[in-house]
Structures are given as C-alpha cells and as structure tokens.
Amino acid sequence: MTEGKIDLQKRGAIGEELIRVEHLKKHFGDLEVLKDVSQVIRRGQKVVLLGPSGSGKTTFLRCLNLLEQPTGGKIWFEGKEITAPDCDINRIRARMCMVFQQFNLFPHLSIRKNITLAPVKLKLKTKEEADADAERLLARVGLREKIDAYPRQLSGGQQQRIAIVRALAMNPDVMLFDEPTSALDPEMVGEVLSVMVELAREGMTMVVVTHEIGFAREVADHVVFMDDGYIVEEGTPEEVLLDPKKARTQDFLRKVLK
Amino acid sequence: MAEWFLQVQMKFILRITEWFQKMQAEFTLNFIAKDRWRLLLTGLGNTLLISLFAVLIGILIAVVVALVRSSWDTTNERLRPGFGKSVFSFFDRLCRLYITVIRGTPTVIQLMIMYYVIMTSTKNGVLVAIISFGINSGAYVAEIIRGGIMSIEKGQMEAGRSLGLNYTKTMWYIIAPQVLKAILPALANEFIVLLKETSISGYVAVMDLTYAGNRIRGATYSAFMPLIAVAIIYLVVVVGLTKLVGILERRLRQSDGR
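Taken in sequence, the protein lines are chains U and S.
Sequential numbering of the first sequence, starting at 0, is according to numbering that gives the first Met the number 0.
Sequential numbering of the second sequence, starting at 0, is according to numbering that gives the first Met the number 0.
Hints may be right or wrong, so weigh each one.
Footprint (simulated), chain S over chain U, 3 or more residues, beta carbon under 8 angstroms [said to hold, decoys possible]:
1) 57–69
2) 138–145
To spell it out: a stretch of chain U is covered by chain S in this simulated footprint if at least three of its residues, at any positions, have a beta carbon under 8 angstroms from a beta carbon of chain S; those stretches are [stated by the list, open to error]:
3) 103–109
4) 112–125
Straight-line Cα separation of at most 20 angstroms, SDA-like style, residue types lysine to any residue; simulated pairs [claimed, not checked]:
5) Lys-34(U) - Arg-77(S)
6) Lys-168(S) - Pro-106(U)
7) Lys-33(S) - Ser-221(S)
8) Lys-112(U) - Glu-157(S)
9) Lys-168(S) - Cys-86(U)
10) Lys-153(S) - Arg-151(U)
11) Lys-84(S) - Arg-151(U)
By construction, these hints were calculated from the structure, which means they are not laboratory data.
Values in this document were obtained by computation on a predicted structure and should not be read as measured data.
For every residue, glycine included, the Cβ atom is placed at its ideal position computed from N, Cα and C.
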C-alpha cells in the first residue's frame, strides 16, 4: 500500500518552517513585477497562489528556486539564506523541484532517461535504483508502459504527469507548480490535477500557481491572492475564496468563477 | 544508299576508336607515366589531413566562441555590473571581433598572412594550412552552433537547472544533444565547403589535391585528364562524407516519434 509513496521519514517535522521570503522584489528593466512580497511556507503546507496575469505570482514562484534572481529581499530554505552569494543553489534546487506550464520534458531522451538523468548524474541514486524508482512512480500515474517512449509521442496530459514524476524522482522537500494545467486541453486537466491531489494527500509540500479555483478549494491550506506585485489577501481557502475582504479579490473571483 | 550508310558507320566507329586511343594515351601520360598518380595520392592525403585537423580545431574554437556569445546574449541583462561582467563583456567583444575579421576577409588572404607574416619561422605548409583553415572554419561553425543553442527553448535549460543540474551538466546532457541534431545539416555543409576550400593550399606551397593536379598539368601540358580526375576525387570524398552524415542524422532522429 505504501508502494510508490513518498518517503517523508527522513524529512523534518510537519509544520516546521521550510521557506521564508522577506521583502522580495524583482524588476525586469523598468518593469517592477514584485514590489514587496513576504511569505512563510511550512513543511506539509499546500500554498496556492492566485491572481490575474501580470500579478507577479509566477515570478514569485520562479524566485523561490532562483530561476529568477531577485533584485531585492531575501529567501531562506531550511534556515539557510539561498539569496546569499556563497549559497550552492544547485543543491537547494535538487530539493525543490519544479513543474512547468510547458512541461519542458527533454525531447531527445526517452521517458526513462528523462526521469533518471538528474538523480543519476547528481549521484543521488545508482542507475538501478533510479530505474526501479522511475518504473514505480510511472506505474503510480498510470504510465508504466510509456517508459521507453519519447515525449513527442505522448499527449500533453501524459507529458505533464511525467514531468511531475521527473520532479518526484528527486525526492524533493517541496514541489513548485507553475500553472501546470494551463497549457493542457480541457479534457486532460483532470488527470494532472488528480495526480497533484494525491500528492497533496500524502503530505508533499506544494506551492502552486494556478487558475483552478476548484483545486485551490479542495487542496490548499493557504491561499495567497496577488495583484500588481503585492500580496493583496491571504488565508485559508474559506477566508479568501468564499469570503474575500478586499475589493480586488472579490472582483477577480467574480470574473474567474463566472 | 546502303553503301553510303555503311561508310558513315565505318567513319563513326573509326572516330570513336581514335578518341579512345587518344584518351588512353592521355591517361597513361598523365597518371601512369613517371608514376604521376602518386602525386594525386599525396595530394589527396594532404587535403584530407588538412581538412580533418582544421575541422577539429574549428569545432574546438567554435564551441568556446559560441558558448561565450550565447551565454552573454542570454544573461547580460540579468548580470549585476561589476568586475565579472566587465571581463565577460570583454570576451564577448573579442569573439565578435574574431568572427567579423575572419568572415570579412578572403580565406586565401588569411592563409597567406599566416604563412608569410605570422608563422614565418616554419616551412611546414601543411601545419600552417591546418591552423589557418581551423581558425577560419571556427568563425563560421561558431555562428552555426550559436544559432543552434539559441534555437533550443529556454525551458530546456530551466528544466535542467531546476532539477539541480549545474550549467555545464545541463549544457552537456540536455542542450548539446539537441543542438547537435538541429545543426547537423548546416555543419555538414560547412565541412564540405571547408574540404573544397583547402584547394587554395597551393598558395603556400602545400601539395594538396588541386596542386597535385596542377603539377601534372604543368608537366604534361594536358588539361582534361588532370582536372577531371581532381574533380572526380573531390566529388567522391564529398559524396562519402554526405552519406556518413546521413547515417548520423538518422540515428539522432530516433526520438522524433512516428
């Protein structure tokens, strides 16, 4: 029954502080995308970031693993400042894996290689272990038979599920989802979301940028609404989604839920 | 009537026989007599030697230049001003200068400058030709590789980095194989051009294939045989090379799916 489940034993305690963000700022040239964002993400938490496009939510997510270099503010991971110049970001990134809107599978590699490349090259697993894990995780998302296929032969939904497996194979402490269902055909959204819901149930720490309000309501224990580079409102799904206090949040939800 | 026809036929056959005899004599004179075919063999050897090592030097230079140019182009906006950025900028400019100068001057002039101005202490023309053609080819191949790197979606680099792979590993395992596949036709074209361009090696007294043909022509005063023979040998080498590239291309294409 535990087969394929994530091993959370070696990890820290549920609820301890995992990521701390203070006064994060990011501008591209003259364009200020993040103006002042602070946030604490705890182990086991599922944080959903909502907001209109251009609100800075994706940039915020991409700053967490320094795919975007912040122009101000600080970020800590397990108490270690990752925005410090001497931080080895590669080691941190291996523990906070990302799932992208466009999947970004490696088209020249088989599914097996896509999943096992990073763990093997980073010497986290032997080739045999990585292969076994890949098979196990693929079986879990119902794609065991695709292990020797290439990304181009698969549908968007299948590719995204494999992208999730690729991230999972790293045994990450936290998974970052950047609009994982936005590039999918409508009929494929469900299969990806159900994998994410299952992950959430198992206690994976997740930070998710999405437009799926239903997912936020079902899975999130903390919802953050961003607009114009600031956090406008945050709280439990009930507070933010059902009883928003700020006019901008109300306005956004009205448009999205229509 | 029939007699007239027979006469014409006889004349025709006579002419053809004459022509064949003449050709045979020409062939003997140009290739068999005084073992002149050995000249062509030496020439072909030198042509292949120069081409092969020039290609290797060219690729070596090109990879370095392309990496400097493409990583500067993609990162310079994000780098903070400082000593590191200045050094990086300097190398980028150096690479640009190199490409401009090499592409902006005739190869034969570069070859002669190398032989008569720069490497005056050596009388080894083959070595001069290898270095000269290598530096020349490097500029063209650098731009091909840079184009290839820029054509890969930036999500590929991000996906690699987000899994904790460092820049070099991501380049090597994820970007490079895709670049190679994308640029192979252009690369093959460049090598074919290079192979034929070595025909100017005679300018620095290197006995390459073309020069060998000229030597025979000078000794026998016949144009047809030596020139056609040289042309056919080049053609055969190029066709062989094209076949080889075709095989490689097919092997790299396996991930394209059905």
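Hints, verified against the model:
no. : hint                    : result
1   : 57–69                   : holds (count 3)
2   : 138–145                 : violated (count 0)
3   : 103–109                 : holds (count 7)
4   : 112–125                 : holds (count 4)
5   : Lys-34(U) - Arg-77(S)   : holds (18 angstroms)
6   : Lys-168(S) - Pro-106(U) : holds (17 angstroms)
7   : Lys-33(S) - Ser-221(S)  : holds (15 angstroms)
8   : Lys-112(U) - Glu-157(S) : holds (17 angstroms)
9   : Lys-168(S) - Cys-86(U)  : holds (19 angstroms)
10  : Lys-153(S) - Arg-151(U) : holds (18 angstroms)
11  : Lys-84(S) - Arg-151(U)  : violated (39 angstroms)
The structure fails hints 2 and 11 (numbered hints given earlier, in ascending order).
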